[in-house]
Amino acid sequence: MNIPVEWYLILSAFLFVIGAAGVLTRRNLFIVLFSIELMMNAVNINLVGLSRLHENLIGQTFVLFTMTVAAAEAAVGLAIVAALYRNRKTLMVDLFDSLKG
Amino acid sequence: MTAMDLIVILPELILVVAGCLALVVEPYLKKDKTAAVTIVATALVASGAVAFGLAGETRAAFGNMVVLNDYAVFFKVLFAVAGVITVLMSPRYLAAYDRHLGEYYALLLFAIVGMDIMAAARDLMAFYVGLELMAVSSYLLAGFFRYHARSNEAALKYFLTGAFASAITLYGLSLVYGFAGATNYQQIGQALQATGNTTAIALATALVVVGTGFKVSMAPFHMWTPDVYQGAPTPVAGFFSVGPKAAGFSAILMLFLTVLDVSRSTWSILFIVLAVLTMAVGNLFALAQKNIKRMLAYSSIAHVGYLAAGLGALGRADDDLAGQAILLYLAAYTFMNLGAFAILACLKTQDPAGHGYTLAEFAGLARRAPWAAVLMSLFMFSLTGIPGTAGFIGKFYLFNAVVRADLAWLAVLAVIFSAVSAYYYLRVIMYMFFREPEREYVPREAIGGPLAAALALCAAGVIFIGLLPGSLWDAAVSSFGNFFG
Chain A
1 MNIPVEWYLI LSAFLFVIGA AGVLTRRNLF IVLFSIELMM NAVNINLVGL
51 SRLHENLIGQ TFVLFTMTVA AAEAAVGLAI VAALYRNRKT LMVDLFDSLK
101 G
Chain B
1 MTAMDLIVIL PELILVVAGC LALVVEPYLK KDKTAAVTIV ATALVASGAV
51 AFGLAGETRA AFGNMVVLND YAVFFKVLFA VAGVITVLMS PRYLAAYDRH
101 LGEYYALLLF AIVGMDIMAA ARDLMAFYVG LELMAVSSYL LAGFFRYHAR
151 SNEAALKYFL TGAFASAITL YGLSLVYGFA GATNYQQIGQ ALQATGNTTA
201 IALATALVVV GTGFKVSMAP FHMWTPDVYQ GAPTPVAGFF SVGPKAAGFS
251 AILMLFLTVL DVSRSTWSIL FIVLAVLTMA VGNLFALAQK NIKRMLAYSS
301 IAHVGYLAAG LGALGRADDD LAGQAILLYL AAYTFMNLGA FAILACLKTQ
351 DPAGHGYTLA EFAGLARRAP WAAVLMSLFM FSLTGIPGTA GFIGKFYLFN
401 AVVRADLAWL AVLAVIFSAV SAYYYLRVIM YMFFREPERE YVPREAIGGP
451 LAAALALCAA GVIFIGLLPG SLWDAAVSSF GNFFG
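Taken in order, these protein sequences are the chains called A and B.
Numbering-wise (my numbering), the first sequence opens with residue 1 and increments by one.
Numbering-wise (my numbering), the second sequence opens with residue 1 and increments by one.
Any given hint could turn out to be false.
[As the list claims (entries may be wrong)] Computed beta-carbon distance windows for the label pairs:
#: 1; chain 1: B; residue 1: V415; chain 2: A; residue 2: A13; range: 58 to 68 Å
#: 2; chain 1: A; residue 1: A82; chain 2: B; residue 2: T42; range: 49 to 59 Å
#: 3; chain 1: A; residue 1: W7; chain 2: B; residue 2: A408; range: 47 to 57 Å
#: 4; chain 1: A; residue 1: I10; chain 2: B; residue 2: A419; range: 47 to 57 Å
#: 5; chain 1: A; residue 1: M92; chain 2: B; residue 2: L13; range: 40 to 50 Å
#: 6; chain 1: B; residue 1: R439; chain 2: A; residue 2: V17; range: 47 to 57 Å
[Said to hold, decoys possible] Rough simulated footprint, nothing fancy, chain A against chain B, three-plus residues with beta-carbon under 8 Å:
#: 7; stretch: 146–152
#: 8; stretch: 155–163
#: 9; stretch: 176–185
Since the hints were made in silico from the structure, they are not lab data.
What you are looking at is a predicted structure, and each value in this text was computed from that prediction instead of being measured.
Yeah, the Cβ is synthetic: ideal placement off N, Cα and C, and Gly gets one too.
In isolation and in its complexed conformation, chain B is listed as follows (with noise of 0.2 Å):
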């Protein structure tokens, strides 16, 4: 190791260091924790900000085990911005739930520097030491109200599927191991493109591809999601649905296009598949549901099913272009699904109590709280797709990338879930504004302070793509494609 191979890792050198810090000094702050959070809150701004300056350079640090690239860059990016607003969206609602420690914000940083190092990673061990920081911190983030049986028992179930899909993704990588002799991506690539397609190699391919799918919550993968999510404090469920799968996205990309290219016909038929299958089975499931997080945690799985699309069609397809929509797609996902998450912890944080998150609450909400319907509507437009909103882009670039590989059905069927899809969405809009409220509701104080700062980044962020995509569509090209340079 040199010095040099510190500026690797210096995005996330600044999240551990203030980790450290926020869990030292919580403790000594009073009733108010704003030094606390602002010490998380900089350090991830930080963050983001040295990995966006750092664009444009390759480098690779420890024997190759971790890079920097603009792919890299990329999603150390993503993820900053992710993790500021899941930070500006807590302080409020940890109060209100009595839980506001120093270890949250410690446990989210740490999730996010395994993240980061996921996306970074170009070594098996590396990517796997990466994955379980992130999942580690992820369990105990889904647990943290302890006392709370719910929240607990999301964490176990997180925990559980979280730990059976780690062991199967490991299994099939010490097959590869076994194949290549090395844990090298690059030197993966070439050992098994020596030795061809074999049933064996198909077969590591499978476990890999189950492992990854249960990360992401691809059906029939996705049993845990909507539990972990209804169960887990809001802010970390807004988290889980944009950050770790973000991040499985990432490695899922470079696993597969680096380490497993050569099995590229059997896990993008595996692909299609999965896609088909978590189209349907996030759309149809989340029409049937009253709790909007529930909802929300269907309509998740919904959008895996699409990123899932762009993934079959880019081991069809000769050029980059699904990778390059995927990327997009996830940056424009990341805004408006944390955003709806965003309202929600706002509902919640305003009545701890009574707040049930339920469809029948949101009747008559354009005349309780009008900025928060107009918003909360936005966000829904997003995730239906409508024009104008950032949603409607990454599905525009998406679903174009899959008919370029000559997969038109599958791009007609992704359109009509996304029809369906505007069924649910729709409907919350519907009861915001049209919808007599059903019992007498107590005037709350207005959304205030960091959570509405959060609402404005998101709103931003989904406006922003929405209308001016052009600068996130050319870094989303200039990131893919060039994975070790």
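Okay, chain A solo, but in the shape it has when bound (with noise of 0.2 Å):
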């Protein structure tokens, strides 16, 4: 059977809204770090189906791309909430308001 491409698109713009809602409305960090995967994946999919439907590789080429730099990003906003943990002690975003003015 044949999966139409507007079914990946589909999926991919539901994802994507339920990552940025994560990252708007979650209060613990690593939510708000796994809702921009979410996000980051959704895009990929979408990348996926639509390399699909075009009959080119560039979509796919795209997703090798963007997978190493989500894994970089990731890394790096693991190593910074890892030092802000140890400064502060917790992980609960709007607790980090000592800035502002």
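Mind assembling these two chains? They're in different frames, but the hints should get you there.
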């Protein structure tokens, strides 16, 4: 059975919106990081699905780049979280409010 | 790939090699890190010089993923200059915090490589990798003082908003790929031209506007900027306020003029709305700031507002005047804003424990540190846009272009907001020269060494562009327009 490309696009749109909502509403830092990953993976599904639609490999190549970059970004993000946790002993984003004016 | 391809990325290769060298060399140095700083500064000068030497060439490399043309050269030279000034600002500041490490310089160089790639990219993949190289290095630079909770917090806020913005941009770009079936700018442009401006393309355009708007801190996506600038090390904050912003604009110009040219009317209106919002938010919030670092952060948002007005005008006009003016403005802005941050870095270096960047601490500075006060005044005049300084020239060309695009009301609004900005810029000068200090200050060692060189470079740039803008304008004119050739 051939799955139409719209299904991929709808799935990815849902994932993207769920991720964006998670970033905007969740307080726990790890959930926020997961939500960002969810958004990136929505993009990956989009790219692979569309690559299939256009019958070229550009989209799939792009996915390799985004996955690599997302991994690097996650590593840096976790490093920042670790440094922050050492100083503050909390992971609730809304408690990080020492910078304001 | 052929050997000729490497010439196109020669300025970046120099920076990558120097970054790795700095990482390897620095641990072997004892207290004196001059060797590492010299390597980095030399590499930046060499990178800028090589890029400058390649001006006039037009080459494409790596399957048309990156190009070398005057547009890329303009930005590569600009980034190298911003990098040199930042590097010269840093050694004493970092030493004062006992964090003078090679990683700092390596990250700075890698961020500049990412920025160079953004300006030279002609393929969505290359653009995305450049963007992320710049962003990931910047997150780490913001959190470079990892034992300070404030620096951590700045890094976290920068990381969360930056990654969120990247994801939004990328989603928009994936839709663009869906419509065009290609990631090469030229091919996308042609493919989209054939389909016409549909609602779906408008949606993709809006997503890219929001994502890139986050990166260059346009309101309402600006919330992270003041916090990040306040918490990040001062030279880094200065670098953020010019480097990644200029890189963001280089990519925005490229993306919207070539890839999304078909939806000109959509993005032009979006940028006009964002420009009005950004100018208002930046200028009005800056009025209330007692902390000079936060004030400069809001002021940088205000300047992004003026640039966004230029983008709106570019979408409306038939000529490239607004684009050329944006290039000129970015160059002028680099010198004046880095200069202001260099003064802050200098004051903080003199008194790491006591100085808090508050307005009150600037009272009577003219008597304690006349040179710092005079230079700060120059940069504040320039940021206001007083004639004779770089800021005036930038605003003059930019607002002129906005008027020529039949957006006179927007130019009037921008001028009104510039007048508002005079209040908070000139207030700093008033404090430095006419206010009595509230407490006694211990006399400090005068500015010297590399920091003085950084300040001299910024001041020279501001005055030179202010008095003789001709050559820079010519460079902006010849750089803008021929994106592929």
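Status of each hint after checking the structure:
no.	hint	verdict
1	B/V415 - A/A13: 58 to 68 Å	violated (43 Å)
2	A/A82 - B/T42: 49 to 59 Å	violated (35 Å)
3	A/W7 - B/A408: 47 to 57 Å	holds (50 Å)
4	A/I10 - B/A419: 47 to 57 Å	holds (50 Å)
5	A/M92 - B/L13: 40 to 50 Å	holds (44 Å)
6	B/R439 - A/V17: 47 to 57 Å	holds (54 Å)
7	146–152	holds (count 6)
8	155–163	holds (count 6)
9	176–185	holds (count 5)
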